[in-house]
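Colleague: Sequences are here, hints too, so could you generate the full structure?
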Amino acid sequence: MDTLKIIFKVLILTGLFFTFNVVFSIAADFPPTIVFGLYGTDTTYAQMRSKSETFGGIEVSGLLGWRTPTFNGGYFSLNSILSVFYYFFGIEELDDFESTSIEIAIPLQYNKIKIGGGLDSSFTGIGGYSRYFRPYWEAGYYSIDGRKKVQPFFVYRGYCLKQPNFYEDSIFHEGELGINYSSSILRRYKILLKGGIERFTEYPLYDSSGDITGNKRNDYIASIAFEVNGLWGYFSDYRINVSISLVSSNANRYISIVNYLDEDSESNLTLLVESEIGWSPDRRINLQVSPYIGYEFYFNRDALDDLGNPSGKSLKIFTLGSSFRADYTLNNNFYFVIKSTGASKWANDPQENGWSIILSGGIEYAF
Amino acid sequence: MIFKSINYKGKNIGITKIININIMKTKTVGGYMSVPQFLLLFLSVVLISIISPVLIFPQFNASIIQNSNLSEYYKKAIENELKNAINDGIPENLLESRIREGIAKGAGGEKILQVLVNEIQLMKKARLILLSIQGGKRLLKDEASWARTANLLSAGISEEEIKTIVKACQKRWSDYRSATYLYASLIRWKLSREKSLKIIEAVLESSLKSDDFIGIIEILIEGRRLRIHPENMAERIIEILPYIDNTEKLKEKILYINQ
Chain H
1 MDTLKIIFKV
11 LILTGLFFTF
21 NVVFSIAADF
31 PPTIVFGLYG
41 TDTTYAQMRS
51 KSETFGGIEV
61 SGLLGWRTPT
71 FNGGYFSLNS
81 ILSVFYYFFG
91 IEELDDFEST
101 SIEIAIPLQY
111 NKIKIGGGLD
121 SSFTGIGGYS
131 RYFRPYWEAG
141 YYSIDGRKKV
151 QPFFVYRGYC
161 LKQPNFYEDS
171 IFHEGELGIN
181 YSSSILRRYK
191 ILLKGGIERF
201 TEYPLYDSSG
211 DITGNKRNDY
221 IASIAFEVNG
231 LWGYFSDYRI
241 NVSISLVSSN
251 ANRYISIVNY
261 LDEDSESNLT
271 LLVESEIGWS
281 PDRRINLQVS
291 PYIGYEFYFN
301 RDALDDLGNP
311 SGKSLKIFTL
321 GSSFRADYTL
331 NNNFYFVIKS
341 TGASKWANDP
351 QENGWSIILS
361 GGIEYAF
Chain F
1 MIFKSINYKG
11 KNIGITKIIN
21 INIMKTKTVG
31 GYMSVPQFLL
41 LFLSVVLISI
51 ISPVLIFPQF
61 NASIIQNSNL
71 SEYYKKAIEN
81 ELKNAINDGI
91 PENLLESRIR
101 EGIAKGAGGE
111 KILQVLVNEI
121 QLMKKARLIL
131 LSIQGGKRLL
141 KDEASWARTA
151 NLLSAGISEE
161 EIKTIVKACQ
171 KRWSDYRSAT
181 YLYASLIRWK
191 LSREKSLKII
201 EAVLESSLKS
211 DDFIGIIEIL
221 IEGRRLRIHP
231 ENMAERIIEI
241 LPYIDNTEKL
251 KEKILYINQ
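Chains H and F are the protein sequences, given in the same order. Number 147 in my numbering belongs to position 147 of the first sequence; there are no gaps in the numbering. Number 165 in my numbering belongs to position 165 of the second sequence; there are no gaps in the numbering.
Hints are computed from structural coordinates only; laboratory data are not their basis. Please note that a few of the clues may not be correct.
[To be verified] Some but not every residue of chain F turned toward chain H, in silico, with C-beta under 10 Å: (1) Gln134; (2) Ile157; (3) Glu159; (4) Glu161; (5) Lys163; (6) Trp189; (7) Phe213; (8) Ile217; (9) Glu222; (10) Gly223; (11) Ile228; (12) His229; (13) Ile238.
[To be verified] Pairs of lysine to any residue, SDA-like flavour, derived with a Cα cap of 25 Å: (14) F:Lys195 - H:Ile257; (15) H:Lys190 - H:Gly74; (16) H:Lys148 - F:Arg172; (17) F:Lys190 - H:Lys162; (18) F:Lys137 - F:Glu96; (19) H:Lys162 - H:Ala139; (20) H:Lys112 - F:Tyr243; (21) F:Lys251 - H:Thr70; (22) H:Lys339 - F:Tyr243; (23) F:Lys171 - F:Glu235; (24) H:Lys190 - F:Lys195; (25) H:Lys339 - F:Trp189; (26) H:Lys313 - H:Ile257; (27) H:Lys148 - F:Lys209.
Keep in mind that this is a model prediction, so the values were computed, not measured. Here a beta-carbon is modelled for each residue, glycine too, at the ideal position from N, C-alpha and C.
Modeller: Written as structure tokens, this is what we have:
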């Protein structure tokens, strides 16, 4: 009965989302793109050294995308996504995900201002995470002088994460300074410097006795990233992004079984290499692969041994993952889709080890 | 035969034969040629006979055919076809690469000859097409553009399509080859020929640089990933092209997500 109520609420919300978006976009110069998808999905995962588990079900999704040029040379865009997952094999669970965003671009001769915002949410939770609401916002100033190869930009963004059933509610602010450099259309470079702060409103900080103090968790994040993207011939494109992030946090954790306070448990240095390769030899076929490698080094967080005791060594986690999408269409309305996501983590703490693979296959229809 | 005494410092040192001058005289317009003139002519003919194969068939090209494993029949046939084509005004260097390629791949004489004949026919047809359009002579003077036109014909692109592209290049002759590469890629990607030609016309009317033409395919592919119908994307591209000077701005205006 509860499940049916939730499904009903989600359907009402879906209807409101799309009605609002379609009505708003009716007068557009370019018609909106609307895509409905139906997939079978299977997730297999294993944590620590436990036996793998599998659950599966169906996914129903809808997407609406619309962008229109404005009279002053800018544009206005609106995007909405709704996905509902109903698992009935292995577990019985209903997950959902919604996202709506708007963006306005205002050109200023050789520069441009972009203002945007949106809302990500999940009413029932998704992927093992509890339900949440995350409004976000962004404002940026971009140099778009096509006569120059080097084009700097500055962006401010933030979000507010609200999780009714979990304690990681937070407010996040970040500034990003970047430079785009286009040596040619075949190769483009980007350098990014970011600095941000995340304030947690409910995250518990402990004292040495294991009691919760009234202190608040604050994370300070700095990162530098280098990206190259471009074209391989006429039908392939690629992107490689290498980033190093430093998190300085006052968070701690209390390991009750050994009465141990693990101070500074979340400060870490992360190296991440992400890539994307896309290939579309003709309009019927699209292939995209996005592998990534990550290495996290925690400065003071203890790696635990098999019994859950601190090992005296700092936690290190190596992650290898990838996502894949292939779709085929004969008429660019009806698509056959296969997609997958997988990741594996290796750490010197058995509790951090694990892997998962999600496989989905289905159909999409685009208006 | 005439014998003449040779005298040196007043002394008779012998006799020598003198070739009958009458035999050596050749009749030329206005009279007979003298011996030196005849010798000069004879030497010139010999020299030209030696040099001319080098001029018509530069040493490396002739040797490639001669040094190949082809039979004498096909060596001669290929050389004759090449000679006739050059006499017909087709640049030799545009045909020589085909011969080199065939020999390097170990193709038989019949195959190489067939390819050469076919290539010559395409070059002649390309020439006719370019000459039939106002301003097409400019492209004919550029060997690379001429060869490119022949390549388009061999790829199955029709005379009408080529004429449309050439006409669209009236204000941007130097971008002809870039435009043809874009067109060939659009139809290879299976966009309709009608829409592809309209894109080419719009691109050549716009401020987009030829280096950025490849970005048009990139935008079509990104639109296809977002499940925007390619024909719809093509219309958006054509509509917005007059207002932009680079593909990044084009993407921003017509894709609903900036990838």
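Colleague: So, for every hint listed, does it hold in this structure?
Modeller: Cross-check of the supplied hints:
1. Hint on Gln134 (chain F) is violated. Least Cβ distance to chain H is approximately 30 Å, over the 10 Å limit.
2. For Ile157 (chain F), the interface hint is violated, the least distance from its beta-carbon to any beta-carbon of chain H being 16 Å, above 10 Å.
3. Using the Cβ-Cβ criterion of 10 Å, the hint placing Glu159 (chain F) at the interface with chain H is not satisfied: the shortest such distance is roughly 24 Å.
4. A cut of 10 Å between beta carbons decides the hint on Glu161 (chain F): the least distance to chain H is about 18 Å, and the hint is violated.
5. Checking Lys163 (chain F) against chain H by beta carbon gives a least distance of about 24 Å; that is not within 10 Å, so the hint is violated.
6. Taking 10 Å as the C-beta cut-off, the interface hint given for Trp189 (chain F) holds, the closest approach to chain H being about 5 Å.
7. For Phe213 (chain F), the suggested interface contact is upheld, since its CB lies about 9 Å from the closest CB of chain H, less than 10 Å.
8. Hint on Ile217 (chain F) holds. Least Cβ distance to chain H is approximately 5 Å, under the 10 Å limit.
9. Interface restraint check: Glu222 (chain F) against chain H, minimum CB-CB distance 8 Å, threshold 10 Å, status holds.
10. With a least beta-carbon distance of about 9 Å to chain H, the hint placing Gly223 (chain F) at the interface is held under the 10 Å criterion.
11. A hinted interface residue such as Ile228 (chain F) counts as satisfied when its beta carbon comes closer than 10 Å to some beta carbon of chain H; here the least separation is about 5 Å, so the hint holds.
12. Look at His229 (chain F): its Cβ gets to within about 5 Å of chain H, closer than 10 Å, so that hint holds up.
13. Evaluation of the Ile238 (chain F) hint against chain H yields a violated restraint, the C-beta minimum of about 12 Å exceeding 10 Å.
14. The suggested pairing of Lys195 (chain F) with Ile257 (chain H) is violated, with an alpha-carbon distance near 70 Å, which exceeds 25 Å.
15. Under the criterion of a C-alpha separation no larger than 25 Å, the hint pairing Lys190 (chain H) with Gly74 (chain H) is consistent with the structure, at around 23 Å.
16. For the proposed pair Lys148 (chain H) and Arg172 (chain F), the alpha carbon gap of about 23 Å is at most 25 Å, so the pair holds.
17. Between Lys190 (chain F) and Lys162 (chain H) the CA atoms are separated by roughly 47 Å; this puts the pair beyond 25 Å, and the hint is violated.
18. Using a Cα cut-off of 25 Å, the hinted pair Lys137 (chain F) and Glu96 (chain F) holds, with the two alpha carbons roughly 23 Å apart.
19. With a CA separation close to 22 Å, the supplied pair Lys162 (chain H) and Ala139 (chain H) stays within the 25 Å bound.
20. Our distance criterion of 25 Å between C-alpha atoms is met by Lys112 (chain H) and Tyr243 (chain F), whose separation comes to about 16 Å.
21. Taking the CA atoms of Lys251 (chain F) and Thr70 (chain H), the gap is near 14 Å; set against the 25 Å cutoff, the hint holds.
22. Restraint check for Lys339 (chain H) and Tyr243 (chain F): the C-alpha separation of about 37 Å exceeds 25 Å, so the hint is violated.
23. The suggested pairing of Lys171 (chain F) with Glu235 (chain F) holds, with an alpha-carbon distance near 23 Å, which does not exceed 25 Å.
24. For the given pair, Lys190 (chain H) sits about 34 Å from Lys195 (chain F) by alpha-carbon distance, which is inconsistent with the 25 Å threshold.
25. Our distance criterion of 25 Å between C-alpha atoms is met by Lys339 (chain H) and Trp189 (chain F), whose separation comes to about 23 Å.
26. A C-alpha spacing of about 18 Å is found between Lys313 (chain H) and Ile257 (chain H), which places the hinted pair at or below 25 Å, so the restraint holds.
27. Only pairs whose Cα atoms come within 25 Å are accepted, and Lys148 (chain H) paired with Lys209 (chain F) is accepted, the gap being roughly 14 Å.
Hint compliance for this structure: hints 1, 2, 3, 4, 5, 13, 14, 17, 22, 24 are not met, and every other hint is.
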